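Enquirer: Here is what each chain is made of, one letter per residue.
Number of protein chains: 2
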Amino acid sequence: MKYPGLVNKTYKSTINYKNRGMNLEALINEACKYYLDEDIAVIYKKPTPIGIVDVDYSQALIKKAYFKEPSTLDYNGIYHKKYIEFDAKECHGKTSFPLNNIHDHQIKHIRRILKHGGIVFLIISMNGGYYLFKGEDLIEFIDNETRKSIPFKVIDNKGYKLNYNYNIGIDYIVGVNEAYKELI
Amino acid sequence: MKYPGLVNKTYKSTINYKNRGMNLEALINEACKYYLDEDIAVIYKKPTPIGIVDVDYSQALIKKAYFKEPSTLDYNGIYHKKYIEFDAKECHGKTSFPLNNIHDHQIKHIRRILKHGGIVFLIISMNGGYYLFKGEDLIEFIDNETRKSIPFKVIDNKGYKLNYNYNIGIDYIVGVNEAYKELI
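Chains A and B are the protein sequences, given in the same order.
Heads up: the first sequence at position 45 corresponds to 45 in this note's numbering, and the numbers run straight through without jumps.
Heads up: the second sequence at position 124 corresponds to 124 in this note's numbering, and the numbers run straight through without jumps.
Just so you know, these hints were derived from the structure itself, not from any lab.
Please read these numbers as outputs of a predicted model, since none were measured by experiment.
Wrong hints could be hidden among the right ones.
Unchecked claim - Okay, the calculated bits of chain A under chain B, using three or more residues with CB under 8 Å as the criterion: (1) 31–43; (2) 114–125.
As the list claims (entries may be wrong) - In silico EDC-like links for lysine to aspartate or glutamate, alpha-carbon gap of 16 Å or less: (3) Lys81/A with Glu182/B; (4) Lys45/A with Glu69/B; (5) Lys153/A with Asp137/A; (6) Lys46/A with Asp74/B; (7) Lys63/A with Asp74/B; (8) Lys64/B with Asp74/A; (9) Lys46/B with Asp74/A.
Even for Gly, the Cβ is constructed at its ideal location relative to N, Cα and C.
Let's have the full structure, built from the sequences with the hints guiding it.
Expert: What follows is the structure, encoded as structure tokens:
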């Protein structure tokens, strides 16, 4: 009974291989560059926050630093005059997306962006697909469910499926147009 | 004839000392925190972009890295549903603000943000005052003048004077309300 599932899994990993073996972030960075070059949106990945311990000023070289926890999401910018912010999350589990993938202050930040009228979402890579999952749906789940992970069927139902395009990467702006059609 | 000027200069540096000796960035960071706490705006300083050369993964410690040139401006976020982005520039010259303080790709970026309908400006600290200088005025100067620096009188005329407040830092949102009153 499990054999067809295994075949399916192998097939899916072949699809991923076609995406030139790039991880989720690289496929999103590619799209950001495309949107910038084509003047569609101005969205950048923020630099990784670090704490600098030791610098050699004569060479402007950082000799000791550590990674800090981000307070915001990784990507932000402007699209159709709107503030837009999102994070990329790779989920290796098949049945649910663990909420501990998102830091508490990131959730607080998502609430703030929603309150101030911004567009905010996650791009979740799961079960071989890419999903735009709206900040509104994330907060609704957190506020109304006791579960510490979002079942895949919720992501599949409420999320907006994103397509990979060989020339663009993950073409997430198409998903934004669909998910926020009342705003765009 | 120069004596009164010197007295004036000493007086101004006394004012700066009253600002708890903080530099421009610290006074803006303080305001960002205040706006966040008071739910006025959600604006963060982006982490400094670095290129990582060597990491000790066992300790998650960066052992060698270098500073990279930023492509965007240092601060961005959302205010009154609007995308907002700016940079802080300390100018030590008294007569003009050298344009080489702004990297070429930052100028390109400012043009893009303007085109996409965002609010974008510089906060310039000069001659003991703080000025919000709009991206529109910066681009107009660059496109129409051959000079490589903006005379102080242009900044003083076109810029919006920002006030330092002991509890807030540099209260730049008041300047945004004034400079962009048609948008806010």
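Enquirer: Within 16 Å, alpha carbon to alpha carbon, are Lys81/A and Glu182/B?
Expert: holds (15 Å)
Enquirer: In terms of beta carbon proximity below 8 Å, does the region 114–125 of chain A have 3 or more residues touching chain B?
Expert: n = 4 at 8 Å, threshold three: holds.
Enquirer: Run the distance test for Lys63/A versus Asp74/B: straight-line Cα separation, threshold 16 Å.
Expert: violated (23 Å)
Enquirer: Quick one: see if chain B covers the region 31–43 of chain A, three-plus residues with Cβ-Cβ under 8 Å.
Expert: Check passed, 4 qualifying residues.
Enquirer: Is the hinted pair Lys46/B and Asp74/A satisfied, with a Cα-Cα distance of at most 16 Å?
Expert: holds (10 Å)
Enquirer: For the pair supplied as a hint, Lys64/B and Asp74/A, confirm whether the alpha-carbon distance does not exceed 16 Å.
Expert: Not OK: Lys64/B and Asp74/A at ~23 Å, beyond 16 Å, violated.
Enquirer: Is it true that the CA of Lys45/A sits at most 16 Å from the CA of Glu69/B?
Expert: Within the cut-off at roughly 15 Å; holds.
Enquirer: Measure nothing beyond the straight line between the CA atoms of Lys153/A and Asp137/A; if it is 16 Å or shorter, mark the hint as holding.
Expert: Between Lys153/A and Asp137/A the Cα gap is close to 13 Å, so the pair holds against 16 Å.
Enquirer: Given the hint that Lys46/A pairs with Asp74/B, does the C-alpha gap stay at or below 16 Å?
Expert: holds (10 Å)
In summary, the structure is inconsistent with hints 7 and 8 from the numbered list given earlier, while agreeing with the others.
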